[in-house]
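Q: Please build the complex by placing chains A and R on the supplied structure of chain P, with the hints as guidance.
Protein chains in written order, with the working numbering: chain P, 230 to 978; chain A, 861 to 939; chain R, 19 to 246.
You may find that some hints are simply not true.
Claimed, not checked - DSS-like, lysine-lysine: derived pairs with alpha carbons at most 25 Å apart: (1) P:K656 x R:K155; (2) R:K53 x P:K807; (3) R:K53 x A:K924.
Because the hints were derived from the structure by calculation, they are not lab data.
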Amino acid sequence: MPTQTIEITPDIIAKHNVTMSEYGEIKKILGREPNLTELGIFSVMWSEHCSYKNSKNVLKLLPKEGKRILVKAGEENAGVVDIGDGYVIAFKIESHNHPSAIEPFQGAATGVGGILRDIFTMGARPIACMDSLRFGKIDSAPGSDAAHTKHLLTGVVAGIAHYGNCMGIPTIGGEVYFDESYEGNPLVNAFALGLAKKEEIVKAKAEGIGNAVLYLGAATGRDGMGGASFASKDLTEESQKDRPAVQVGDPFLQKLLLEAVLELLKTDCVVGIQDMGAAGLTCSTCETASRGNTGIEIDVAQVPQRETGMVPYEIMLSESQERMLVIIKKGREHEAKRIFEKWDLHAEEIGKVTGDGMMRVKENGVTVSEIPAKRLADDAPVYVREEKEPEYLKKAQSFDPKTLFSKTGDLNAALLKLLDSPTIASKEWVYEQYDHMVRTNTTVLPGSDASVIRIKGTNKSVAISVDCNSTYCYLDPYEGGKIAVAEAARNVACSGAEPLSVTNCLNFGNPHNPEIFWQLKKSIEGMRDACLMFDTPVSGGNVSLYNQNPKGAIDPTPTIGMVGLIEGRDPVTSFFKKEGDVIILLGKTKEELGGSEFLKTLFNVKSGLPPRLDLKEAKKLNDLLIALAKKGFLKSAHDCAEGGLAVALAESCISNRGREIGAVVNVTTDHLSNEAFLFSESQSRVVISVDPANLKAVEELIKPNIQYEIIGKVGGDRLQINKLIEAPVAVLSHAWRNAIKRRMEVATA
Amino acid sequence: MKAKVYVTLKKSVLDPQGKAVQQALSSMGFNEVKDVRMGKYIELDLGAIEKTQAEQKIKSMCEKLLANTVIEEFRYELN
Amino acid sequence: MKFGVVVFPGSNCDHDCYHVLKHVLGQETDFVWHKEREISKYDCIVVPGGFSYGDYLRTGAIARFSPVMESVQKHAEKGKLVIGICNGFQILTESGLLPGALLRNRSLKFICRNVNIRVENTDSPFTRKINKSAVLKIPIAHGEGNYYADEATLADLKKNDQILVRYCDEKGLTGDTANPNGSLESIAGICNKKRNVFGLMPHPERASERELGSVDGIGIFKSILEMN
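Here chain P stands alone, though its shape is the one from the complex:
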């Protein structure tokens, strides 16, 4: 066999991104030299993507325990949270950044495919997707490649739409953020959430010696060879040449897999299921065995193959899409196969569960690889990386936004410019390409602070928000990490939901750089403190390191997916509803323009100390919002985020398409500058509107808890703020609604 005769040289070891000390560890585990197949297997399992070897040490800082958490982070493919009355939700967010940089359409599509498989292999039917997307700027500027960025945005959105729409799972929102640090290294973080009855959750375990190991789904090809190790390398010009590492997705096949797997799980013949995602057959076999405290033996000759002449090394490392491993109770194989055939699917028995703890790979009966499963899956080295505060930080933080105020100019024009900034602007151009209504559960459509889906047959709804202000994280990773969690929690609370749990995607640069590792650690510390305060444990997620382009690392981006629960009432949306409703500002505005969208959009400045967040205040505000929603007092609630109070008011006026409505507002400005009064991004502020008849009761609820001010009334067709802003809502709406469209739909020269 060719793979067995190749001598393992230091060069081959280096090509697998395995260090000499790791190689030494491998030899210790095996008690001998590995062959090439075994080296390949170790290299993918011990990549950052699969092993978290560089991040494990700091990930453990995150709180994972909670009364509603049924499956904790890291235990299974996705976390599981109890929502009561016998129902549970399984959800997770995962990155597909590098593949999307190389081939945006397929990269994003297969990212969605992968996260959906993680959900339904747990026995939960996926009911919603969301995406957090980040790109470079789509405005032409010297030294930037807007045309390429637009190509990436177009491809990523179309790819997400292609996969989710075809599967019939609504993509109900998310975020799209633009910053030059993502140029050439876009972030595609895909979130999915599934629903199940408590007893329906299955584990990815290989148990019961002698049980059959079935291979289900698409045939294996040479695609995505070593994608997991590929995702853990810096993205360089040469990655373009790595094109074969990109897989092509088949959402139709996966729709059949989904239906077949859920039908199969209704029988009791399944022991465990695992998706073949990163590191394909390798990861799924050794992880299921490790979780089951068993061994597993497969014969690659039985694996359906799309190409001829594939060697065990290739079959074990292939990342062909739409494949899964199913462990079936002995003697029940025919039952399973009957269901697969109904759905025109092919399943092949490729091996069995053993009792010796080994992951044994054979080819036509001859053993080609034999590794202790548990050690391979769980004993990757863990590194404590060096950390150091970045050079840029002190200087960037010390920048005083006031030095620019002489150049602010007309405030109305500034507001319009902010509404036209792609990060703030309406994301209609994006989410109208997603089927966000299929399954008829989406009760709050994309465009509000959180999107909401109802659970049919119950009085429950689930609110979801994905969020991260990475500029804050760049300027202060600790505060930024805190704010990412707090803002996601606030978004969910604005819909009236109680925040339950967090999934996260930690997108950072190369961890071998001590400054980057410091960013990672500080962000996690911020997230930890916020998660503890909100009682929203982390139930899962993933880590994507090495997000670099030739100009340097991306801004630190700990993307937060927050899930909340509403029971027994309608969700709250973010836009004003009715003439005469009273507008109240909850929270206090401070002179906090550091890291603001105002500075970025008007002056192209990414500096200053970002806003401070008081966690106790944040928690009080969330509790208040939930209490107000419970009483049915909230006509609308909208978080003040990028662009501050002025943008929040404008969005409350214009975000209900076809039903835009004005507002007249007068706010006490204290000693704030006009710029800060309008555009400061002070945290824990929410604009709500209430029926005047309820005002007294509303104030009674607010007063003991939060600083607030009654600032005006809904009505008319203009937005007026003090004497500073006056603009027709039609003008505001046009700027905000067309900002992305007008940039994307110009002919590319």
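A: Frame of chain P; chains A and R shown alone:
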């Protein structure tokens, strides 16, 4: 016997994809492109089969499935 | 009434239609697997939306050859009701139960959003409970909903009052800006000459409950119930 089938939209039917490609080409400076029609190309391996029979079969396949004759036209090559 | 909701591999609005018929309207409703041939017990067959066979080759092209479609053809010949929504409409045109075809959207993009449609004709089992010229707010979600028919077919459709719904603005006016996908004459849905087969691109099942923001779609299902 191998068959190559080409399916395109009828001339009378607007081809928005072709139009978009034409516009893109012209914005790249390829002004000589007067018209673009997009279509599908399908390869079929018919095994050992006689040419006249193959012709009959292919025509029937096109009319029934490979093309929608309400909007599309087709042509094929056999060799 | 007894409804059968056809399930093809890749159907994904099957559950939504079933939910409205069974749970919102309380009708006897079954899923009908695409390999089923026996459908005589149903009064109305629903061909739901989705991506049957992944929309590979052409939307609806492969599904029309499923065994159940032969029975649907016969069911229609008997004068029983068939409604095809979105991908269902595409399947019905592919199978020749309805004239014309659905091309890619003018924008070349998939579009999901609420649109307005105007009821052009109430002399059908699908629109009889709705006022003529009523404007309904109903979502669309498709990449290929751009209705096309040749001149002779279009003339026929008009002559026989087969155009049941057109895209329009909030006030009920048709025109280019209110036409989301470039459909010929803003056509959103048509019936056959016998008026017992109806296909439309918008999703009435997504606008049949208050929680979803519109109940304008329920009138179509309620019209069908009037058959009794």
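Q: Indicate, hint by hint, whether the structure satisfies it.
A: For each hint, the structure was consulted:
{"no.": "1", "hint": "P:K656 x R:K155", "result": "holds, 22 Å"}
{"no.": "2", "hint": "R:K53 x P:K807", "result": "violated, 52 Å"}
{"no.": "3", "hint": "R:K53 x A:K924", "result": "holds, 20 Å"}
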